[in-house]
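Hey, can you work out the whole structure from these sequences and the hints?
Okay, here's what each chain looks like letter by letter:
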Amino acid sequence: MSFEMWAEKYRPKALDDMVDQKEIVERLKSFVKSRNVPHCIFAGPPGTGKTTAALCLARDLYGEVYREHIMELNASDERGINVVRETVKTFARVRSIGEIPFKIMILDESDNMTTDAQQALRRTMERYTETCRFILIANYSGKIIEPIQSRCAPFRFTFLPREEHDEYLKHIAEHEHIKLLEDGLDAIFEVCGGDLRKAINTLQAAASLNKPVDAKVVYSIAGRAHPADVQKMIEMAVKGNFLEARKQLRGMIQKYGVAGSDIIRQIHLEIFKVEIPEPLKIKLADVVGEIDYRLVEGADEEVQLSALLARLVEAGYELKKAS
Amino acid sequence: MYAAWTLKHKPTSLAQVVGNKEAIQKFVDWVKSWEKGVPKKRAAFFYGPPGIGKTVTVEAFANDSRMELVEKNASDYRTEDAINRFAGLASQYGSLFGVKRIVLLDELDGLTGTADRGGVKAITDIAKNAQVPIVLIANNAYDPRFSNLRNYCLLIQFKKPPAGEVMKHLRRICESEEIQVEENALKFIAQRSEGDVRSAVNDFQALAQGKRKLIYEDVSWLAYRDRQESIFSVLRMIIYGRTCSSAKRAVDMADVDIDMLFEWIYENAPAHLTDPHDLVRAMDSLSMADVYRGRIRSTRDWSFTRYVIDFMTAGVAMARQNTKASGWIPFKFPQRIQMLSRSKAQRAMQLNIGYKIKRKCHISAVRASKEFLPYLRIIFKNNAEMAAGLAKWLDLDQKMIEHLASSEEKAKAIAELVR
Chain A
483 MSFEMWAEKY RPKALDDMVD QKEIVERLKS FVKSRNVPHC IFAGPPGTGK
533 TTAALCLARD LYGEVYREHI MELNASDERG INVVRETVKT FARVRSIGEI
583 PFKIMILDES DNMTTDAQQA LRRTMERYTE TCRFILIANY SGKIIEPIQS
633 RCAPFRFTFL PREEHDEYLK HIAEHEHIKL LEDGLDAIFE VCGGDLRKAI
683 NTLQAAASLN KPVDAKVVYS IAGRAHPADV QKMIEMAVKG NFLEARKQLR
733 GMIQKYGVAG SDIIRQIHLE IFKVEIPEPL KIKLADVVGE IDYRLVEGAD
783 EEVQLSALLA RLVEAGYELK KAS
Chain R
72 MYAAWTLKHK PTSLAQVVGN KEAIQKFVDW VKSWEKGVPK KRAAFFYGPP
122 GIGKTVTVEA FANDSRMELV EKNASDYRTE DAINRFAGLA SQYGSLFGVK
172 RIVLLDELDG LTGTADRGGV KAITDIAKNA QVPIVLIANN AYDPRFSNLR
222 NYCLLIQFKK PPAGEVMKHL RRICESEEIQ VEENALKFIA QRSEGDVRSA
272 VNDFQALAQG KRKLIYEDVS WLAYRDRQES IFSVLRMIIY GRTCSSAKRA
322 VDMADVDIDM LFEWIYENAP AHLTDPHDLV RAMDSLSMAD VYRGRIRSTR
372 DWSFTRYVID FMTAGVAMAR QNTKASGWIP FKFPQRIQML SRSKAQRAMQ
422 LNIGYKIKRK CHISAVRASK EFLPYLRIIF KNNAEMAAGL AKWLDLDQKM
472 IEHLASSEEK AKAIAELVR
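Protein sequences appear in the order of chains A and R.
Sequential numbering of the first sequence, starting at 483, is according to the working numbering.
Sequential numbering of the second sequence, starting at 72, is according to the working numbering.
Hints listed in this document are in silico derivations from the structure and should not be mistaken for laboratory results.
Among the clues, some could well be false.
[Claimed, not checked] Restraint-style ranges between C-beta atoms, simulated for each label pair: (1) Ser374(R) x Glu546(A): 48 to 54 Å; (2) Arg430(R) x Arg517(A): 27 to 33 Å; (3) Ser412(R) x Glu672(A): 46 to 52 Å; (4) Lys803(A) x Glu254(R): 56 to 62 Å; (5) Ser412(R) x Tyr775(A): 26 to 32 Å; (6) Tyr775(A) x Leu488(R): 44 to 50 Å; (7) Arg377(R) x Pro759(A): 26 to 32 Å; (8) Asn564(A) x Gln87(R): 29 to 35 Å; (9) Asn723(A) x Pro233(R): 29 to 35 Å; (10) Gln469(R) x Phe754(A): 42 to 48 Å.
Backbone N, C-alpha and C fix where the C-beta goes; we use that ideal spot for every residue, glycine too.
Structure, rendered in structure tokens:
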């Protein structure tokens, strides 16, 4: 076993290595061939290869010295307008020396940029097109302002199909000499929902236990990644104890740094497992979806999820009344 | 019985009095001048805001120079007759056995027109004719009542000592009470007192007595203390509001900002709405208020604030359809704010590890701390060898390893392997 983060170690290095997103990869390869790249938006869910595609494109284009020609900025860490005015602009306006006359600026998680910063970016993209091309990476292209969208070639990334997901994990397991069982694979897919980075992290954490990776191991990892158990919180809410359930939620978010999107995904899975009237499941799914969307819009995780807990309290109450 | 620390730790020597070095020097020089005969101004008039050491200066000085201190304050009657009787005793005759004497008339602001009739006039007479040093103390020497009196007095202004000086005093108390206090907790108390040393000591006692250790989180909530009374009635207006407009009006009465008010409502509304349908309506409203807060953030358009207010006040008020008011439920300080400040250090550590991951894994520190950390914790708990490899690869420091490993032993074992 090797001691790096496998998610990084097994990141494809060239477009040819990318197993998935075939159409996108083909188009990117044609950019490399013509030695010209337009401004791009890579949009899609996490763990589907957006950042990887951008890095592979750069490497194929510039060769091993690609780092000298690109800059990676992460809008989650540097989201303000000043970054655009200073860092981005300085990088964009200086001409690259070399065969290819432009550099590439990769703006990762750019849906977290403020509107101001995006407005400032719009001009910069236009003015320095000659010397710099932008690749904006985002989970939701809807959060990128229209004028920027219209200047970019859009690429929509989708979750990996099951076979490719499995193939990739098997490939890693083989290289790392770990035993990955079929039901383990099923479990990883269920828990991670096709997010490859998460799947690889789960696999690595499971491998650290030094035993064959089966469904039981995977579920225990997933459970431990979210220590204060989502299920327990749901039970409390359904029993009508809103305040306790909220306290549990608060602990998960604040103490253990569990992501709201992970909690909501688990709630969504649970809803269809618990014994409540079938029509109620759909009604709840609607609420879960709405809350999920609000989280995506950047709302407060605890406030939104506790609104969801209130719905569970209500569902539990209806259930008791009916029986 | 606990003694009040303001008394227990009152300075007994001028060296312990904080701040006001100039004023104190001026006073000491003036008293010394009495040795060469009666000076032109026979009374010193100390003035300045409360709690900054005016009285203490006189007491400490008397103690240092072994002088007898004769004192009268607002708790005594101070009519013309009473003061004359007192003044006759105190100022006209030198004391027995050659001990020098100093006379203190404190809290002159408290002289009342009727009960202390003629008091100021009597004091003025004493100031004119005194044979021993007289010290007068008031918050405001420029009160028109004192206009004639002022002519016979050496005016000495006392100013609010800076926070650093207040901290010095608090530190002396910490030592003698054997309490360990975080520097920024001390600073917070000192700054909050705005130079009023007495109130700082009172606050400090209330927070620290009986503890061995006082940290910043123990004191930071004080910032809200003064405002709680008014926030309670605001909350009542919102959670028990009958009309939209009355609930919305409550916002104007609150002297906390909208975000803080939101936290108060979010913390307290559920306990006051026990019917599940009411609860859902209230939480939905708060959720919508929060959505509008997000829209303000992303558009920078603050005019959306009005919808935030609609949902968090009127929305919550209208949620009550079935819940009957039952008994008394206390309002609570927003727990999540308290918890946030407690877990601050922990979150900073998580983000720092996030930055280490960012350098290697092409992901923002913020997301890395959420997406990678849970798995790293599992690895650090179960597989020291892999953990050590990762620690090396990510260039984690000792503190970070400790944070990720579940026990000290494991952290040690991992650190050993890293070497």
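Structure-based check of all given hints:
Taking the beta carbon of each, Ser374(R) and Glu546(A) are about 52 Å apart, inside 48 to 54 Å as hinted. Range check, Arg430(R) to Arg517(A): Cβ separation about 30 Å, and the 27 to 33 Å hint holds. A C-beta distance of roughly 38 Å is found between Ser412(R) and Glu672(A), which places it outside the suggested range of 46 to 52 Å. Between Lys803(A) and Glu254(R), the C-beta spacing of about 57 Å keeps the proposed range 56 to 62 Å intact.
A beta carbon spacing of about 30 Å between Ser412(R) and Tyr775(A) agrees with the range 26 to 32 Å that was offered as a hint. Between Tyr775(A) and Leu488(R) the C-beta distance comes to about 45 Å, which sits within the given range of 44 to 50 Å. Taking the beta carbon of each, Arg377(R) and Pro759(A) are about 40 Å apart, not inside 26 to 32 Å as hinted. Judged by the Cβ atoms, the range 29 to 35 Å given for Asn564(A) and Gln87(R) is violated: they are separated by roughly 49 Å.
With their beta carbons about 51 Å apart, Asn723(A) and Pro233(R) fall outside the hinted range of 29 to 35 Å. Here the CB-CB span from Gln469(R) to Phe754(A) is close to 45 Å, well matched to the stated 42 to 48 Å.
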